[in-house]
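Same order as they appear, the protein sequences are chains A and B.
Going by our numbering, the first residue of the first sequence is number 60, and it counts up by one from there.
Going by our numbering, the first residue of the second sequence is number 3, and it counts up by one from there.
Derived from the structure by calculation, the hints contain no laboratory data.
Here the structure is a predicted model, which means the values were calculated and not measured.
All C-beta atoms, glycine included, are put in the ideal place defined by N, C-alpha and C.
Careful, some of the hints might be misleading.
To be verified - If you only want the chain B side, here are some residues facing chain A, beta carbon under 10 Å, derived:
id, residue
1, Val90
2, Met130
3, Asp131
4, Thr168
5, Ile169
6, Glu172
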Amino acid sequence: MPATQQETATQWPHRHLLGLAGCNAAEVSLILETAKEFRAVLERPIRRVPTLRGITICNLFFEPSTRTRLSFELAEKRLSADIVNFSSKGSSVSKGESLLDTARNIEAMKVDMVVVRHRSPGVPHFLGRSTRAQIINAGDGQHEHPTQALLDLFTLYEHHRDLRGLRIAIVGDIVHSRVARSNILGLRMLGAHVTVCGPPTLLPHRADALGVRVTHRLDEALEGCDVVMALRMQLERQNLSLIPSIREYHALYGIRPDHLRRNVDMLVMHPGPVNRGVELASEVVDHERSIILDQVTNGVAVRMAVLYLLATAEQRGW
Amino acid sequence: MCTGPHPDLFVKARLMDEDDLERTLQRMARQIVELMDPDDQSGRQFALVGMQTRGVHLAQRLKTIIGDVDDVDLALGVLDVTMYRDDVRQRLRQRVVRATRIPFDVTGRHLVLIDDVVYTGRTVRAAMDALMDIGRPASIRLLTLVDRGLRELPIRADFIGRTVPTIAGEEIRVRLSECDSQEGVWLVERRAVTPTP
């Protein structure tokens, strides 16, 4: 993979990774450059390095997650860290413990880093202020999901030398999507042109304030587009009456084989898990220009890079 | 990253100039070739592994010399040991993870590990662990331009350009034209930095 065309930082300056909002392009490039080498580790016969031996990481998932939690767990194991897992189901949270008390208890167990997912925005920030552990945001409400955006950027660099001027369409439920928010921040930072597309009920009121082009017509979004990122349709939000029906959504905003035929170089991405026949037609998921499984593999490498950079960051008396 | 000499470094001696460096590499290239099995004309059982950053350039130069003199095209790998270091969490400056590219099967090969300076031996230990994770080499030998002593681990270099006994506080600076503005080897001492008013 070619080097990123951006200037790259040589030191990771932050204690936490709470979102891409607090990072600049040079820091994002440092993560992506570092991830390249961890990606190479994943191709070796022994896919494990001793880098984070002796470091304890807690995966604190207050919201159900399979892919992100597994990806973080694998990344941690491949770096030889010690892991404790905590999910809200059947834990002290369901017994009424407050977030701060949970955090203090985890801290008392001498955990170095906490990977946290929560349905409320700002929980990672709160933990960062109230504990001594280093925090990685694995998704907070509708706010940010920085490692997903980073793995998307990494996957884009595998296919395009330079993201400057690259045209990306993000299609679907933008307003509820932390993946979209983090991706818009990251893509704009690295110079890509972003178009968001979806039904008016699923777009933020002032999406143009994010520095993106807004359209409600899928054909317009995909015209001349290099990569389309389809977002997961949250079927559990159906009873909010934001769209008339799943069938109508697929008819208007689902990516279908004819879209790939008309845009001959366009790649398809999706943060997963995919609803086949909703945001993507089944043939599109399995198409040779679908790079969804590359995203999954790269997720482990990118998370290894983030864990490495945070764990070894210069101690500044934080 | 390669940089020029540090302004706070006091130069105590120039240990090698361009010609010394060239002669030393020629000699070490001969030693590597002598080690090779005479039946293995193509050198397929052998490989050079340069350690980031200057070890890589030294390995490339040795490969070129052996290619020119003996008409043997040795395989060349690049190794970065950052992920295997025992001090990743203790250093003040964060280390940038550099490329590791081993474009051959290390299992069954005789490897010559190449670094510019051998000091405590901890980097070599990390390199051996890294190579073992990639495969099972037939042997690993260590080549260094300068052995400065002060080992903290039971590690010995097989091919040594120059042995220079040093004391703590002194440093060996190897500068190569591939990545630096100068060429040669210096013995320097780090002096306390006087803060500029």
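Hints, one by one, checked against the model:
1. Val90: holds (5 Å)
2. Met130: Violated, about 13 Å.
3. Asp131: holds (7 Å)
4. Thr168: Violated: closest Cβ of chain A sits about 28 Å from Thr168(B), beyond 10 Å.
5. Ile169: With a closest approach of 28 Å, the Ile169(B) hint is violated.
6. Glu172: violated (26 Å)
Violated hints, in rising order: 2, 4, 5 and 6; the structure is consistent with all others.
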